[in-house]
Amino acid sequence: MERHCGDILRNIRSRRFPYANINKYVTSRAQLTHITLLYGLYEKLHLLPAVSHAQDVKLPSCKSSVMSMNPLAHCSEPDPSYVLTPPKGPETALPVSLWLTLIATLATRFDKPASIIRRLIPKNTRFAHYGRAYQLDGGDTMHARELNSLRSDSRDMSFVRVTAPLNCFMHANLLVLQYQLDVDKFARRRHRVPEFELQDFFGQILRFLIVNIPHAPEHGIEADSFIYAAIKQVKISEPATDHCRINYYEDLGPTELVDLDQVKCVVGRITDRGKWAIIDRSKSLAQVHVMP
Amino acid sequence: MDVLIEGALLDESDLTLLRAYALKVEDGLTDKTFNKLRYAFPQSPIDSLKNTEKRVQFLSGFQPVRYHCCPSSCVCYTGPYESLTKCPKCNIDRHKADGMTPQAYYEYLPIIPRLRAMLANSSYARKMQYRSNRQHDPMKITDIFDGTHYRSLRETFVTVGDEELPTWFFSDPRDIALGLSTDGFGPFKRRTKTAWPIILFNYNLPPEERFLKGNVISIGVIPGPKKPSDLDSFFWPLVQELLQLEIGVSAFDAITKVTFLLHAYLIVVFGDIPAVSMIMRMKGHNAISPCRMCTITGIRIPSSRVTVHYVPLCRDGFPNSQGQYHPSALPLRDHASFIEQAKEVQYASSNADFERLATKYGIKGVPLLSTLSSLSFPVSFPYDFMHLIWTNLIPNLILLWTGKFKDLPHDGEDYVLAPAVWQAIGEATVNAGKTIPAAFGSRVPNIASEKAQMTAETHSIWTLYIAPTLLKGRFVQARYYKHFVELVRLLTLCLEFEITQVQVQDLERGFQRWVQVYERYVFLVSSRTLSDRLTAYTTNTIRCAWLLVPSPFMHCCTLRRLSKLWVQSGLIGHFQWSAIVVTSSVT
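Residue numbers (my numbering), protein chains in the order written: chain A, 1 to 292; chain B, 1001 to 1587.
The following block holds chain B by itself, in its conformation from the complex (with noise of 0.2 Å):
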């Protein structure tokens, strides 16, 4: 066990150390910088980087493991691969020409010590109480300990391999509950090249304390310059980990003074779609059946030579398609039928029988993560409020409005708004800036000439708030300002920061409704010839909106204005979402 002996007392040079290292890290200085400081403040006792960077690991007590990749980051040489010298989706060696040297490095954070300190640090122990201290009221949803994934999993027995473990989920009021999350981003201006962060949120911490910058444990970075071919190699040494935390491992409790075996489980994993069909080993959201909630299959456009599928929910009209689906009835996907579909793609007999299955079901094999007992497929694997809505669904239905909705007939549609009109509300918009305080949160710039620069954050700010107010009397038709405002009744009921069960049907219902309620509307002034995108989301949207996580970018980037949740009696979350993974309605 590491040493974990809290409030140890460390002398004073050491403190100088760390806050110098403190000062570095947090404000991002360079290393020259770094070694700068010592000659620009004689007085003070700066060490060199290097030795304090020794010291810093020699007091921390853990470091980065350090495995092999390639180096166009196809895969890391762990588990299957370990033993291989080239790389087997693109065949370059693993070493450099001395064959010794590596190519590249994944370098990888362990989580076992830093649960362990957690743990071993009172107060912060005391904050990971919140799990087991919070009463569940079967009838509201204020947290995703009250979504049924979570509550049927304390009825389940830990299973690692084939093996049952005579234990309980969350028997223990200190087991660790947690979420995984990775995104790809571009280092570099231009974003051809991308590197892959995995991060993991504990959410033992209390709502508004979980998200936050210095409470996310990052569990490496994987290195780019392309996106991962097999990400499941990359994810080996943390499922390693994990697979130990379901079994135990021994860790000091702070409060009680006592040894006990520490068990943390992966409930949740979330990120845009790209990301989580990566990591669900899915075709992804161009597939033919793209989605990993239900097996809705993909139809193309007519007479195009796009191979994108799109997927309405009304199917009339289209060649080789009949019929639709209803949202209320979709072909769901559940566990069982998902590690069956992915065992088949796997062991597919040929090649040729590989790629027909795993166009079939858009499943391109096992993912590693279903080694883990304590996450089900696909539900515990939640679309993302934040991209679903926020930077797709509402830009696309800002396209629609100003006519320029890619490859759609607009003229004389009279959901389109004259240009005038929307440069109005945009300058309307900008206006607003300043009598809005910034509780609000950021001004919202010119959503007719500023489009770019347009975040998630500003989208939400525009629709709950400035949108019903600047589009009301816009339309030539009173009917599509009223089926935006129901938009903006079921977002913001998402957004509350407690939702009953009797809302939960309500928004199911409010979202299958208005998905209808929007084919209707475009599918008949566009005389049902189109599929877009925007429907491709929708669809998605009412399938999973009662499927919400939490979306960390907007919890950390404003949870410093926490609202005052109760003192301003019911304040919306509106930068605090409800935290909800509602399978319970998805039956």
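Okay, chain A solo, but in the shape it has when bound (with noise of 0.2 Å):
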């Protein structure tokens, strides 16, 4: 009703006769709807362009094999997929240590040991970088803040929260420090049972790569595209207590490689007393499931 009054204000061009042109402004509007729905002629009466999204990458959405083996994956719903857009970096090599915590989570991924990994993906190889990225059907805008700066006067897309398996963090960390270690080790881990506790992580997105993992039949590995989101988390400080679910933190932490998939949605955050105050307006999954 408040935005009816005010589209009518706004349009209301005759300041000595107001009454007869809101009435004329009302009967033409209503006139131009009726006959757009008589002759169905809303795209000819849109005059707007085409919108081109000829930069777009799109992708079909990679379904992490840990989330679809997640017995708790039939209470989310259908996978989101995602649409890239520029600004696109050059296609470069990662820097290293990006580039391990790429075998790590690949090695996760595929539980493989890092070695196979990083035969397939040697360090050299060149990747597709994206500043940007947005959820198809509606979804959140997000910005990956290496490749896309913030602007002095535009609001921070770039921090989001993650919805992950538990493991999957903690697990392709101890990855990368074993294998600064120690390679062998990870014959070990690889019948390692998965553990499936959602939990959630905020960050902020550096960058979006596209991962192309070549065809290695002899690994049992399928040529396949996946979108991972280079994010570097916060050390939450203060986790949260209340229903409120506001989350405190002071410093950023490591940089971690999550597939896009996890990344949820943008969440806002507000400075305040010398903190950082995490708001998120969607509820997590994981809090739904974890605390049922």
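It is worth saying that the hints were derived from the structure and are not from the lab. Please note that the accuracy of each hint is not assured.
Listed below are the simulated DSS-like cross-link pairs for lysine-lysine, each with C-alpha atoms no more than 25 Å apart in a straight line [as the list claims (entries may be wrong)]:
1) 275/A x 1482/B
2) 24/A x 1226/B
3) 44/A x 1036/B
4) 1050/B x 44/A
5) 24/A x 1227/B
6) 1213/B x 44/A
7) 44/A x 1054/B
8) 1434/B x 235/A
9) 1189/B x 24/A
10) 1472/B x 1451/B
11) 1024/B x 24/A
In silico contact screen, one side only, chain A against chain B (beta carbon under 7 Å); selected entries [said to hold, decoys possible]:
12) 32
13) 39
14) 277
Ideal placement from N, C-alpha and C gives every residue a C-beta, glycine not left out.
Two chains, two frames, a set of hints: combine them into the complex.
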């Protein structure tokens, strides 16, 4: 109602005969809508060019193996699909630390020793980088901070909530450590029973990258493409206690690679008396499931 | 029947004309600019405005019906006033000096041809199947169609006048559910003059579309300069059409390609409190019996000459009134008693009797809309969530916290925040604008210094997301924060896309408790001397929080960024009210 009033108000073009003017506007709008319905002219009277999506990249949504084995998976709705849009970075190799993280992440994903993954994706592999992603069907738009710098008047859309199985990050981190210490130790972890407790993480997206996995039948790996988000995790200093679910953090932690499917939505932050509070408008699956 | 040839081809010249006209209407070009287009783009075959309008009217096949009305918009000369030559309220002549030309017009846009056109357009008709296709789950409330009013209508026969028709409400999947809304707005900066647009919403459309601008059915604007003194005379043509639609009008169904009897029923009416009071012919929110849902009575401020009435639950300590209302046992109105009281007032034997009864009941007469059997008084007239919470309750709470609530002694009260603290909260609010993504809604201005810039939307964002952080640890006593956070919890629950019956009970009890605690806090500290507006509104809250309706304003302005409900694992429907009329809990 308020919006309707505002619309009429903006369209009063006569100060002298405002009421006649209002009547005329309301009538002409009704007639136009009526004609649109009668003759099916919605597209023809929609005076805007079709939006070009030539530069967008859509991948079939990457189903992470861990998620699909998840006994709770039936609770969540079908996986979203994302669209990556420019700004697009040049195709370059990853910094070594990020590459190591990627190897560890993929090793977890395929449940293969990192040595195999390293052979498939050597250090000098070039990746496509993107600076923005949005979820189809009206989901959030997310910015990757390294490729899409924050303008002085814009609002920060780079912090997100990630809902992932609890072991996902830890496992990856462990693997990195172990890789650095002793590569052979992976073998022992290969048949590790995965644990499926969903956990929320918050962090800042640095970049989106497309990882193309080559076909490797000898290892049982099929060619596939995944979208990963490099996310700098926040270190929660005061976890949420009440139902307002405000988490506080003071510092950012290590960078992780997360399947884009696990990135759920953007979150807001408020700086309050020296701390950052994370505000999350969505309901977390993790919380729903962990505390039934 | 109108020309309803779907997809009938228009030739290129008609399309050119319509495109130019669409540009004018959508972007608010003045008539002068439109006439200039021909000369600005000489190659384009744009016709003059006069010819264009003529052609548009011909193509649309319908035009507004003009009714005479009083130039100070007291009444419209319809129904009982049809043959009058002077306004019954202000005695101004109906016609100009020539005795022929009326002084003012009310232009009414008929709805029947438009509803027909909707069903004759196959893609639109398919969208309108939402109502019949949705599955009702008795344990959950996701839409107005889960409310008890709609559910009980489905088991009722349509009644027109005293005659019961052999049809059930909504027995045909194509039957349309409508909602009515009206509100006054000032066309000029000094808001001394008001115009009253009347609109209908088509509830057969899916919830994410029904409040979009293009889907709103505008039926006319009651011209200013004053608030109509008899609104029902302006509703006369609408009610006539709605009665016809209750009986049924022939229409063409584009999906099955058959002619059928189209029914449409008005099931809900909403707006702010003054507008709905006017529609229901009630005395309004300052009356002795101010509430449309119950017969709670107001009390005046002791030792004050102001005649405004307030309705706190707890009456102890007020002169001439004792005891208290219990929020779970309020004296609710029902349809039969409402209509009976309205009739009693309408047919009062003398003026004095009329005044006495009207004051007693808070009703001024039988509203015209009561002739529609699809409406039930007062449950079809729920309180509007946006006005109730975001433009009344929250601003009032803020006034209380900042010690600016009118006429209240705030000195030394521990619920008041120090000015410096409030200033800091205001600044932190502005700064949060940069780090809260646009998906949350618009930026919130400095709530401490730019109060005038705050809108319902920014109030809601501030309350739900920003305030719980910024108010933490700011009150002298933590209980005030806890009390506020409890409110946030309840409001968040109200805004879920889907609520269960268990949650409805939680809401009901939660709001009752919240108001009782509120009154305890405020009354205790102010030694029982106040009765303030806030209480009036919070009392409404308890009764009516579970009678929420979607607020069209919030819907429309933000549906573009419709949150991805399922994918984002159950986002709170911040901008998409759960659209509920849960009358079930009001027993």
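- Going straight from one Cα to the other, do residue 1213/B and residue 44/A come out at no more than 25 Å? 18 Å, holds
- Message: Need the status of pair residue 24/A, residue 1227/B: alpha-carbon distance at most 25 Å?
- Response: 20 Å, holds
- Against chain B, is residue 39/A within 7 Å by beta-carbon distance? 6 Å, holds
- Message: Does residue 32/A hold up as a contact with chain B if the rule is Cβ-Cβ below 7 Å?
- Response: At 5 Å from the nearest chain B Cβ, residue 32/A passes the 7 Å test, so the hint holds.
- Query: Has the given pair, residue 1050/B with residue 44/A, been kept, meaning a C-alpha gap of at most 25 Å?
  - Reply: This hinted pair holds, its Cα atoms lying about 22 Å apart.
- Evaluation of the interface hint that places residue 277/A against chain B, nearest CB under 7 Å: Residue 277/A check passes; min Cβ-Cβ to chain B is 4 Å, inside 7 Å.
- Task: Take a quick look at whether residue 275/A and residue 1482/B sit within 25 Å of each other, Cα to Cα.
- Result: Holds - the C-alpha atoms of residue 1482/B and residue 275/A are around 21 Å apart, at most 25 Å.
- Take a quick look at whether residue 1434/B and residue 235/A sit within 25 Å of each other, Cα to Cα. Within the cut-off at roughly 21 Å; holds.
- Given pair status - residue 1054/B, residue 44/A, alpha carbons within 25 Å: Cα-Cα ~20 Å, so holds.
- Query: When you check the alpha-carbon spacing of residue 1189/B and residue 24/A, does it fall within 25 Å?
  - Reply: 21 Å, holds
- Task: Compare the distance between the alpha carbons of residue 1024/B and residue 24/A with 25 Å, and conclude whether the hinted pair is satisfied.
- Result: 12 Å, holds
- Message: Tell me if the straight-line CA distance from residue 44/A to residue 1036/B falls inside 25 Å.
- Response: 23 Å, holds
In summary, this structure violates none of the numbered hints.
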